[in-house]
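Spelled out, the chains give:
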Amino acid sequence: MKKTPDSLADLGRFSEPALLILISLADGPKHGYAMTQDIEAVSGQKLGPGTLYGAIARLETRKWIEPLPADDRRRPYRLTIAGQKVLRSRLESLRTMARVAQTRLADA
Amino acid sequence: MTASQLLRLYPREWRKRYGEEFVATVGDGALRFQQVIDIVSGAIDARFSSDVRRSTTSPSQQGEATMTALKAACGRTQLRMTTKDGLIGAAIMIGVTFALSALGIFLKRSGSAELGEALTSISFSAALVVSMPFTFMKGQPWRAQAVICGGTLLILTAITYVATLI
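Chains as they are written, first to last, in the working numbering: chain A, 14 to 121; chain B, 7 to 172.
FYI, nobody ran anything at the bench for these hints, they're computed from the structure.
Only pairs whose alpha carbons sit at most 27 Å apart, straight line, appear in this in silico DSSO-like list of lysine-lysine: (1) A/Lys59 <-> B/Lys22; (2) B/Lys144 <-> B/Lys90; (3) A/Lys59 <-> A/Lys98; (4) A/Lys76 <-> B/Lys22; (5) A/Lys59 <-> A/Lys76; (6) A/Lys76 <-> A/Lys98.
Derived Cβ-Cβ restraints for the label pairs, each shown as a range: (7) B/Thr163 <-> A/Val113: 52 to 58 Å; (8) B/Thr8 <-> A/Gly41: 26 to 32 Å; (9) B/Leu15 <-> A/Lys59: 20 to 26 Å; (10) A/Arg101 <-> B/Thr158: 51 to 57 Å.
Glycine included, every Cβ here is placed at the ideal spot set by N, Cα and C.
Just chain B, with the same shape it has in the complex:
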């Protein structure tokens, strides 16, 4: 294995900036095992270290890259959410708010005052979280949706329940 071959593991910008001198420094003969390991870990570092990326991109390029990424992210969000999605989200939000409030009132009347109070208090915020997979989080991986929505609901419920006990 030669340095030129391993150079392909490095990011394009890095190769453009350091590639030629890197090969000139290492030489293009067969490499020792230790050198291969060192070059491969250098390539991983070049791909993930912000320090190294900064050395291979100019400030204006960095700004452009950030803007492009932001535009792409905003564009994706806008494209994913249609009017229909908005209406579905609103319907879920209203429905879940009513359902949780009704359940809360029922629990309060049947003796579970704390739990009933907690459910009534979080009904709107919980409904908002439940509607997120149809609105803000549409198109995101289901695991991300489950973790964010489930986690938020869990935290909300725990905080509110503890608050009602104090």
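Bound conformation, chain A alone:
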């Protein structure tokens, strides 16, 4: 599969948690706890705190998400324009992959 220069796949074992965080932030800013709750509700996966913050740090380094002023002790994050682009591109490739898989299953 073609890999764009700013691909989520470059994040190695953090690529899936990073994708889940981007999906979670797609409908608005959230702090760490709200992200884990949302991700669990959407995907059934409960991200551990070490994994969550490892992925957040990587997404922040690439400027795909950005922190907002802290609300009490919790700091919300929001998706940047670059983050939206990366998420759209990843969702598009997942859609293609799903289509291919369904076609192959139907042919089998």
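Position chain B relative to chain A; hints supplied.
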């Protein structure tokens, strides 16, 4: 074990940047075993991943850290090598060059032309490598010296010997 306790495993810069929100996210109650494992592996990742380090240091801090490390490395090299070390290194270099050249000439005359030729050709470069523990590599761990000097000598000898056979 609580999140605040495990937070100490993370680098200082990371704790400064994410510590408070991390504890707020996890809560400060007792953790499950899986959470402990996840937090410990997160701490290892935070210590070794350049990606994570970049997120907790500003570009100017990164530049300063690199410069400080470079200055320290240069300073160490300068302090370790004295005039006496330089003279010892030079003496070893000259002595080993002469010794290897003489051995090479002797081998050539006694019938081992290829080996003799190889020894004569590498005499200076091999002498330079042999003198390194007294000069450039002074103060480095002996294992590092052995690997670098021994390895270089081995490669030099092998390449030169093969070259003389072609």
